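Novice: Sequence:
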Amino acid sequence: MAVRIKMCGITRVEDARAVEHLGADAQGLVFYPKSPRFVGDLAQAAALVEAAGPFVTSVGLFVNPGARWVNQVLSQVPLQLLQFHGDEGNDFCAAFARPFIKALRMKPELDLAAAMAQYPDAQGFLLDTYKPGVPGGTGEAFDWHLAPASSPKAWVLAGGLTPETVADALAQTSPYGVDVSGGVELAPGIKCHSKMQTFIQRARGQ
Numbered sequence: 000m001a002v003r004i005k006m007c008g009i010t011r012v013e014d015a016r017a018v019e020h021l022g023a024d025a026q027g028l029v030f031y032p033k034s035p036r037f038v039g040d041l042a043q044a045a046a047l048v049e050a051a052g053p054f055v056t057s058v059g060l061f062v063n064p065g066a067r068w069v070n071q072v073l074s075q076v077p078l079q080l081l082q083f084h085g086d087e088g089n090d091f092c093a094a095f096a097r098p099f100i101k102a103l104r105m106k107p108e109l110d111l112a113a114a115m116a117q118y119p120d121a122q123g124f125l126l127d128t129y130k131p132g133v134p135g136g137t138g139e140a141f142d143w144h145l146a147p148a149s150s151p152k153a154w155v156l157a158g159g160l161t162p163e164t165v166a167d168a169l170a171q172t173s174p175y176g177v178d179v180s181g182g183v184e185l186a187p188g189i190k191c192h193s194k195m196q197t198f199i200q201r202a203r204g205q
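In numbering that gives the first Met the number 0, the protein residues as written are 0 to 205.
If you're looking for bench data, these hints aren't it; they were derived computationally from the structure. Fair warning: this is a prediction, and the values are worked out from it, not measured in the lab. Keep in mind that the hints are not guaranteed to be accurate.
List of simulated lysine to any residue pairs, SDA-like, C-alpha gap at most 25 Å [what the hints assert, rightly or not]: (1) K194 - M0; (2) K33 - E13; (3) K106 - K152; (4) K106 - N89; (5) K152 - T56; (6) K106 - G88; (7) K194 - H20; (8) K106 - P147; (9) K194 - Q43; (10) K152 - D167; (11) K33 - G88; (12) K152 - M115; (13) K33 - L80; (14) K152 - A46; (15) K152 - V12; (16) K106 - L169; (17) K106 - G85; (18) K152 - T128; (19) K106 - F95; (20) K152 - D142; (21) K33 - G85; (22) K106 - T161; (23) K194 - G176; (24) K106 - D167; (25) K194 - S173; (26) K33 - A93; (27) K33 - Q71; (28) K106 - Q122; (29) K33 - C191; (30) K33 - V12; (31) K152 - R97; (32) K194 - D142; (33) K152 - A170; (34) K152 - E108; (35) K106 - S149; (36) K33 - H20; (37) K33 - A66; (38) K33 - A46.
All chains should be built: construct the whole structure from the sequences, respecting the hints.
Specialist: Spelled out as structure tokens, the structure:
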């Protein structure tokens, strides 16, 4: 089964169009104000979803948001999937009438099975690098040996992936999908289309 590919941190319409044109499966829009990839203009966010088209899953990324902010975003942006990167509990994540995935930061001592069990309503999980005080987007890889050989639910590999490392990562792990942001950028939120293309080709063994 072909690995699914998500391009995260999309902020420009031309990059959303490239996500669709180059054949990625999903795009991530960041609704976390402290991120350099934050999309605070919700009309712009809606334009990004439209630019990617109906067959690209548009994912909204949040970090410890208030319910009011999530609902405000959903009232204006037609997201298909939510992604939570903070300390949100299962009930909060499941409260917005959208499927969700939960990011888990891969501390060496993490009991991954127990952590996943805390989110019975999650559609899947995103495994990201642990860095104290940083909820994601570290640009650093974690020890891929910590990735599960099997899992009851789909999981996505994230953390420091680049066009140069994604094939090796997939040779060592068996995720449902891969998630890249900084590894295909010219600057935070500004994607490099040639890097996007190379990443997709190498992730798919082309």
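Novice: Would you mind marking each hint as holding or not holding in the structure?
Specialist: These are the hints, each one checked on the structure:
Proposed proximity of K194 and M0 is supported: the alpha carbons are some 23 Å apart, at most 25 Å. Between the alpha carbons of K33 and E13 the distance comes to roughly 23 Å, so the proposed pair stays at or under 25 Å and holds. Proximity of K106 to K152 is assessed by CA-CA distance (about 20 Å); at most 25 Å being required, the pair is judged to hold. Note on K106 and N89: the hinted pairing holds, with a Cα-Cα distance of about 20 Å set against a maximum of 25 Å.
For the proposed pair K152 and T56, the alpha carbon gap of about 18 Å is at most 25 Å, so the pair holds. Annotation: proposed proximity of K106 to G88 holds, straight-line Cα distance about 19 Å (limit 25 Å). Proposed proximity of K194 and H20 is supported: the alpha carbons are some 14 Å apart, at most 25 Å. With a CA separation close to 13 Å, the supplied pair K106 and P147 stays within the 25 Å bound.
With a C-alpha separation of about 24 Å, the suggested pairing of K194 with Q43 holds against the 25 Å cut-off. Restraint check: the Cα-Cα separation between K152 and D167 comes to about 23 Å, which is no more than 25 Å; the hinted pair holds. About 21 Å separates the Cα atoms of K33 and G88, which keeps this hinted pair within 25 Å; it holds. As the CA atoms of K152 and M115 are separated by approximately 9 Å, the hinted pair is consistent with the 25 Å bound.
Distance check on the hinted pair: K33 and L80 sit about 21 Å apart at the alpha-carbon level, within 25 Å; holds. Distance restraint check for K152 and A46: the Cα-Cα separation of roughly 31 Å exceeds the 25 Å cut-off, and the hinted pair is therefore not satisfied. Distance restraint check for K152 and V12: the Cα-Cα separation of roughly 32 Å exceeds the 25 Å cut-off, and the hinted pair is therefore not satisfied. Taking the CA atoms of K106 and L169, the gap is about 20 Å. The hint holds against a cut of 25 Å.
Between K106 and G85, the direct Cα distance comes to roughly 14 Å. Compliance with the 25 Å bound is thereby established for this hinted pair. Proximity of K152 to T128 is assessed by CA-CA distance (about 19 Å); at most 25 Å being required, the pair is judged to hold. A hinted pair counts as satisfied when its Cα atoms are at most 25 Å apart, and K106 with F95 does not qualify at roughly 28 Å. Our distance criterion of 25 Å between C-alpha atoms is met by K152 and D142, whose separation comes to about 20 Å.
Only pairs whose Cα atoms come within 25 Å are accepted, and K33 paired with G85 is accepted, the gap being roughly 13 Å. Of the supplied pair hints, the one linking K106 and T161 holds, its CA atoms being roughly 21 Å apart against a limit of 25 Å. For the hint linking K194 to G176, the alpha-carbon distance of about 18 Å falls within 25 Å, and the restraint holds. Annotation: proposed proximity of K106 to D167 holds, straight-line Cα distance about 21 Å (limit 25 Å).
Simply put, K194 and S173 have alpha-carbon atoms about 23 Å apart, close enough for the 25 Å limit, and the pair holds. Taking the CA atoms of K33 and A93, the gap is about 24 Å. The hint holds against a cut of 25 Å. Simply put, K33 and Q71 have alpha-carbon atoms about 18 Å apart, close enough for the 25 Å limit, and the pair holds. Restraint check: the Cα-Cα separation between K106 and Q122 comes to about 22 Å, which is no more than 25 Å; the hinted pair holds.
This hinted pair checks out: K33 and C191 have alpha carbons roughly 23 Å apart, not beyond 25 Å. Restraint check: the Cα-Cα separation between K33 and V12 comes to about 21 Å, which is no more than 25 Å; the hinted pair holds. The hinted pair formed by K152 and R97 meets the criterion: a straight-line CA distance of about 17 Å does not exceed 25 Å. For the hint pairing K194 with D142, the CA-to-CA distance comes to about 23 Å; that is within 25 Å, so the pair holds.
Our distance criterion of 25 Å between C-alpha atoms is met by K152 and A170, whose separation comes to about 20 Å. Of the supplied pair hints, the one linking K152 and E108 holds, its CA atoms being roughly 21 Å apart against a limit of 25 Å. Distance check on the hinted pair: K106 and S149 sit about 18 Å apart at the alpha-carbon level, within 25 Å; holds. Between K33 and H20, the direct Cα distance comes to roughly 29 Å. Violation of the 25 Å bound is thereby established for this hinted pair.
A C-alpha spacing of about 17 Å is found between K33 and A66, which places the hinted pair at or below 25 Å, so the restraint holds. Of the pairs offered as hints, the one joining K33 and A46 holds, with about 22 Å between alpha carbons and a cut-off of 25 Å not exceeded.
Violated hints, listed in ascending order, are 14, 15, 19 and 36; each of the other numbered hints is respected by the structure.
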